[in-house]
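J.: If you read the sequences in order, they're chains A and B.
Quick note, the first sequence lines up with residues 2 to 261 if you use the working numbering.
Quick note, the second sequence lines up with residues 2 to 261 if you use the working numbering.
There could be a bad hint or two in this list.
All copies of an identical chain are treated as equivalent in the list; a pair is satisfied when it fits inside any one copy or across any two copies.
Stated by the list, open to error - Result set (EDC-like, lysine to aspartate or glutamate): computed pairs, CA atoms no more than 20 angstroms apart in a straight line:
1. 68 <-> 42
2. 254 <-> 215
3. 56 <-> 90
4. 214 <-> 70
5. 254 <-> 13
6. 68 <-> 46
The set of hints was computed from the structure by calculation and includes no laboratory data.
Number of protein chains: 2
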Amino acid sequence: MKEQLSPSELREEIRSGKWTSPTTGLARGYVQANLVIVPRDVAFDFLLFCVRNPKPCPILDVLEAGKVEPRIAPGADIRRDVPMYRIFEGGEFNSEVEDVVDYFHDGMVTFLLGCSFSFENALLAAGLPVRNIEEGKNVSMYVTNRDCVPAGLFSAPLVVSMRPMKPEEAIRAAQITTRFHLTHGAPVHLGSPEELGIEDLGMPDFGDPVTIKEDEIPVFWACGVTSTLAATSRPLPLVITHAPGHMFVTDLKDEALTLL
Amino acid sequence: MKEQLSPSELREEIRSGKWTSPTTGLARGYVQANLVIVPRDVAFDFLLFCVRNPKPCPILDVLEAGKVEPRIAPGADIRRDVPMYRIFEGGEFNSEVEDVVDYFHDGMVTFLLGCSFSFENALLAAGLPVRNIEEGKNVSMYVTNRDCVPAGLFSAPLVVSMRPMKPEEAIRAAQITTRFHLTHGAPVHLGSPEELGIEDLGMPDFGDPVTIKEDEIPVFWACGVTSTLAATSRPLPLVITHAPGHMFVTDLKDEALTLL
Numbered sequence: 002m003k004e005q006l007s008p009s010e011l012r013e014e015i016r017s018g019k020w021t022s023p024t025t026g027l028a029r030g031y032v033q034a035n036l037v038i039v040p041r042d043v044a045f046d047f048l049l050f051c052v053r054n055p056k057p058c059p060i061l062d063v064l065e066a067g068k069v070e071p072r073i074a075p076g077a078d079i080r081r082d083v084p085m086y087r088i089f090e091g092g093e094f095n096s097e098v099e100d101v102v103d104y105f106h107d108g109m110v111t112f113l114l115g116c117s118f119s120f121e122n123a124l125l126a127a128g129l130p131v132r133n134i135e136e137g138k139n140v141s142m143y144v145t146n147r148d149c150v151p152a153g154l155f156s157a158p159l160v161v162s163m164r165p166m167k168p169e170e171a172i173r174a175a176q177i178t179t180r181f182h183l184t185h186g187a188p189v190h191l192g193s194p195e196e197l198g199i200e201d202l203g204m205p206d207f208g209d210p211v212t213i214k215e216d217e218i219p220v221f222w223a224c225g226v227t228s229t230l231a232a233t234s235r236p237l238p239l240v241i242t243h244a245p246g247h248m249f250v251t252d253l254k255d256e257a258l259t260l261l
Numbered sequence: 002m003k004e005q006l007s008p009s010e011l012r013e014e015i016r017s018g019k020w021t022s023p024t025t026g027l028a029r030g031y032v033q034a035n036l037v038i039v040p041r042d043v044a045f046d047f048l049l050f051c052v053r054n055p056k057p058c059p060i061l062d063v064l065e066a067g068k069v070e071p072r073i074a075p076g077a078d079i080r081r082d083v084p085m086y087r088i089f090e091g092g093e094f095n096s097e098v099e100d101v102v103d104y105f106h107d108g109m110v111t112f113l114l115g116c117s118f119s120f121e122n123a124l125l126a127a128g129l130p131v132r133n134i135e136e137g138k139n140v141s142m143y144v145t146n147r148d149c150v151p152a153g154l155f156s157a158p159l160v161v162s163m164r165p166m167k168p169e170e171a172i173r174a175a176q177i178t179t180r181f182h183l184t185h186g187a188p189v190h191l192g193s194p195e196e197l198g199i200e201d202l203g204m205p206d207f208g209d210p211v212t213i214k215e216d217e218i219p220v221f222w223a224c225g226v227t228s229t230l231a232a233t234s235r236p237l238p239l240v241i242t243h244a245p246g247h248m249f250v251t252d253l254k255d256e257a258l259t260l261l
């Protein structure tokens, strides 16, 4: 029944420790966000990285240093309202934790970036296949051979997510996701995975492999995991992210993000 | 014949001092940009202001501190390639100068923001009236009663530009400018200027008044002057902007900015 919870009700469940699992399909119709928290002295560089790479890193909200309540989720506390966080120290993964009250401090700057969950709902509503949802899996994600535009300290390869579709479905999906420019927008590539440096679609770098039918082609969208790779590309003293699939749920309606 | 110059040829004319006038209509088909240069210690706040107010302040490019060559204009020098600059010291207008070589230093961060010249070409191409161009005037601009979302140090009222059209032309103009989301996008308001706190359309705060015909309504777009008001809303030691109408001409084609 968590699909029916409002975003604030769901965040309350998360804050109280009752929900520590992925947020896929919860509070349906509301925008979920990737979380990246970095030290203040690199915040300009990281913001610039996002601005220069809007398809993988579309900015939904950025909080001034030390602030914990996003404008797009009044009453929320960014330190407690994500079901599972990841802590990186010196650029290395350290641990997963259920809140970051003991890590967050006045010198930390929070970024909330768009996530593909919003456009997946729109694809489903249009009758298009979303294989990872059909098969109850995490979406297939791949590190590509394309570099993002670097900014200051930060660089990263483009990471993409993949959903298989028939060619005519891929065209319709391109139309639909174009409207969602703040949750990765139109695909970045389709067909020929080898042009992205992907050798085996059955071996994703993150997430799970999904079935690709004979009459389907792979359709690739820019993926928010790119932001995690960028934020951890340097040995910063502390970086905090959400754990994969454990997103921050905002009060924004999916439709509020569309350009058209 | 300056309409036919390439952006780099035009910048060369400007750099050599041969062209010190407004850039309206020059290097037609290429994106022109608002320029704002601020000290490094407030650059994060100013970038955040732009991110939070994308309609008046759509980001085309941001340069790391001390850099003078934008990615969107290879070979350009941001200190010399604008026909006329304005210098603000302590938040107050100081002077207009033809280059800023003696002002710019390693601690200054350059912002290039979208400008309505791009969508005006698209409106003309669609057969819609652009009264300020028809009458050879600068577009009418008004400071509204709407506040932008503040960010760190910076705040500003929303400034709008106005073009009068028949209602059915206004609808078509909304469709066309929606595609140009990096040059202010769709209108923010139409009709009823009093709702924006505008008392007399014949007395713009910036630019010139234009003729409004009996069967026309005013159509309002977010305006890049907002960024100048924000950057000078605090008594910073140094802020550099372009002089009104004297824009930075990029190598980007207008069509390259469209979402669709």
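J.: Now tell me if each hint is right for this structure.
T.: Structure-based check of all given hints:
In the homo-oligomer, the alpha carbons of residue 68 and residue 42 lie at most 20 angstroms apart both inside one protomer (15 angstroms) and across protomers (19 angstroms), since each shortest distance falls under that limit. Taking identical chains as interchangeable, the C-alpha atoms of residue 254 and residue 215 are never at most 20 angstroms apart, the minima being 36 angstroms within one chain and 40 angstroms between chains. Proximity of residue 56 and residue 90 under a CA criterion of 20 angstroms is satisfied in neither setting, with 27 angstroms inside one chain copy and 37 angstroms between copies. With identical chains, the CA atoms of residue 214 and residue 70 are never at most 20 angstroms apart, being 44 angstroms at best within one copy and 48 angstroms at best between copies.
In the homo-oligomer, the alpha carbons of residue 254 and residue 13 lie at most 20 angstroms apart inside one protomer (18 angstroms), although the nearest pairing across protomers, at 48 angstroms, exceeds that limit. Proximity of residue 68 to residue 46 under the C-alpha cut-off of 20 angstroms is found in both arrangements, the shortest distances being 19 angstroms within a copy and 14 angstroms between copies.
Violation of the numbered hints given earlier is confined to hints 2, 3, 4; the remaining hints are satisfied by the structure.
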